[in-house]
Each structure stands twice: as structure tokens, then as C-alpha cells.
Amino acid sequence: MKNLQKELNLSKYRIMEFFATCNGIPVHISDTSRGEKCLIFLHGYLETLYIWDDFINLLPDIIRVITIDLPGHGLTGSNKEENSVPFMADVVNSVLDLCNVKSAYIVGHSMGGYVAIEAAKRYYDRFDGLILMHSTPWADSDEKRLDREREIELIRNAKLSLIVKTAIPKMFAKENLRRMDEKIYEIVELTETHDPEGIIA
2 MKNLQKELNL SKYRIMEFFA TCNGIPVHIS DTSRGEKCLI FLHGYLETLY
52 IWDDFINLLP DIIRVITIDL PGHGLTGSNK EENSVPFMAD VVNSVLDLCN
102 VKSAYIVGHS MGGYVAIEAA KRYYDRFDGL ILMHSTPWAD SDEKRLDRER
152 EIELIRNAKL SLIVKTAIPK MFAKENLRRM DEKIYEIVEL TETHDPEGII
202 A
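So my numbering is basically just the index in the sequence shown, starting at one, shifted up by 1.
Wrong hints could be hidden among the right ones.
[As the list claims (entries may be wrong)] Per label pair, the in silico range of CB-to-CB distance:
hint, residue 1, residue 2, range
1, Asn-58, Ala-174, 35 to 43 Å
2, Glu-198, Asp-141, 34 to 42 Å
3, Met-181, Glu-82, 20 to 28 Å
4, Glu-150, Lys-175, 21 to 29 Å
5, Glu-82, Glu-176, 25 to 33 Å
6, Glu-37, Asp-148, 40 to 48 Å
7, Met-134, Thr-194, 16 to 24 Å
8, Ala-174, Arg-35, 30 to 38 Å
9, Asp-55, Gly-25, 28 to 36 Å
10, Arg-35, Met-134, 22 to 30 Å
11, Glu-176, Lys-145, 22 to 30 Å
12, Arg-123, Asp-54, 22 to 30 Å
Keep in mind that the hints were calculated from the coordinates and are not lab data. For glycine and all other residues, C-beta sits at the position ideal for the given N, C-alpha and C.
Kindly produce the complete structure, drawing on both the sequences and the hints.
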């Protein structure tokens, strides 16, 4: 555990944020450090670990919570040669090793769900349970793959901010857009930390 260390206060939790090198890249991690059971939360595409802040605050304090910025997202570095789902799953496993967690429940939102499934397959004896939020165990459809290829081309042409401004509001129900406009703005702002090459990989 090295470099930046910062403490955040959510009403019940004392959360330590830090960077550590895992699988050859710097990984941005937050950890409540104590609790009888551990949950590790994995965010979705174009999100960061901060997406979970309000959710974490609803959990009982007997739960230890770890969140990370997945490779290529937020403040975590990326493996320029291979930023694949299996690589991300290996990073998750390394983070749990680093935090001295023997077993945990793994929670994945959207893309984070794919990573959670892969981690559970590769390190099945480490996880007590798997929770998917707006994710699926099935491969992407041809249409979704084409959308991703179009987005990659836009990112290569320095249009990541355009993708973000279009994609992030779609994460919210239409009836909640006005009520959640401050949260949407906050998420869009946080995407400025993403490494475009990491997103492409």
C-alpha cells in the first residue's frame, strides 16, 4: 500500500482510500477495513468506485466493504497490452490478497458483473456468493458488440466525453433524470479521470 492515502467519512463508515500495485498496474482501492463479512463491489463501464458511495452507506457496519477502480477506469492504471475481463478478474483477486481477505461476496454492476463472474470462475473457493446488478452471465449480442466497436472508434478520435454525456444518463430511469441531475453531473465529471487507451483495451 503506497502513494496516496486519504480518509473519507460516510456517516457510519471510516473508509481508507489508497493505491497499490497489483498485477503490474497501480490500482485505486477503498476499504472500510473491518466487519465480519466482506463484500467487494465492481463498478460498470465508464464508472468509478465512487458509484457505490451512497449504496455503501445503507449497509450495516458488520459488513466490510472494498471497492476498486477497475483497470482503465478512474484512477487505476491499465495494461495497454491486455485489459481483458480475465486480467481484471486477476486484479480483483490480487486486491483481496493485498487486503488479507480470505473470502468475500462479490458484487458486479454491468461490466463489473462480467468481471465478477470471471473472478468467481477462476477463484471459486474464495467467493461466498455472487451478486449481479444489471448484468448477465451471457455473452454480448452482435448489436452490443457493434455498439462497442463504434464507441472504440469515437474514443480513438478523442470523443470519450461525447460518449460519456450520452451513456451516463441512460443508466437512470427517465422519471429520475431531473431528480438525479446532480448525481449524473458528478458521474460525468469523474469520467474525466479515465484513461482513453485503457477504456479501448
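So, going through the hints one by one against the coordinates:
1. For Asn-58 paired with Ala-174, a C-beta distance near 21 Å fails the hint of 35 to 43 Å.
2. The beta-carbon spacing between Glu-198 and Asp-141, approximately 21 Å, falls outside the hinted interval of 34 to 42 Å.
3. The given range of 20 to 28 Å is broken by Met-181 and Glu-82, whose C-beta atoms sit roughly 37 Å from each other.
4. For Glu-150 and Lys-175, the hinted distance range of 21 to 29 Å is satisfied, since their beta carbons lie about 27 Å from each other.
5. At about 43 Å, the beta-carbon gap between Glu-82 and Glu-176 misses the expected band of 25 to 33 Å.
6. Range check, Glu-37 to Asp-148: Cβ separation about 42 Å, and the 40 to 48 Å hint holds.
7. Distance hint for Met-134 and Thr-194: a CB-CB separation of about 22 Å, consistent with the stated range 16 to 24 Å.
8. In this structure the supplied range 30 to 38 Å holds for Ala-174 paired with Arg-35, their Cβ-Cβ distance being about 35 Å.
9. The hinted window of 28 to 36 Å between Asp-55 and Gly-25 holds, with their beta carbons roughly 32 Å apart.
10. Separated by about 24 Å at the C-beta atoms, Arg-35 and Met-134 satisfy the suggested range of 22 to 30 Å.
11. Between Glu-176 and Lys-145 the Cβ separation comes to about 25 Å, which falls inside the hinted range of 22 to 30 Å.
12. Evaluation of the 22 to 30 Å hint for Arg-123 and Asp-54 yields a pass: the beta carbon distance comes to about 28 Å.
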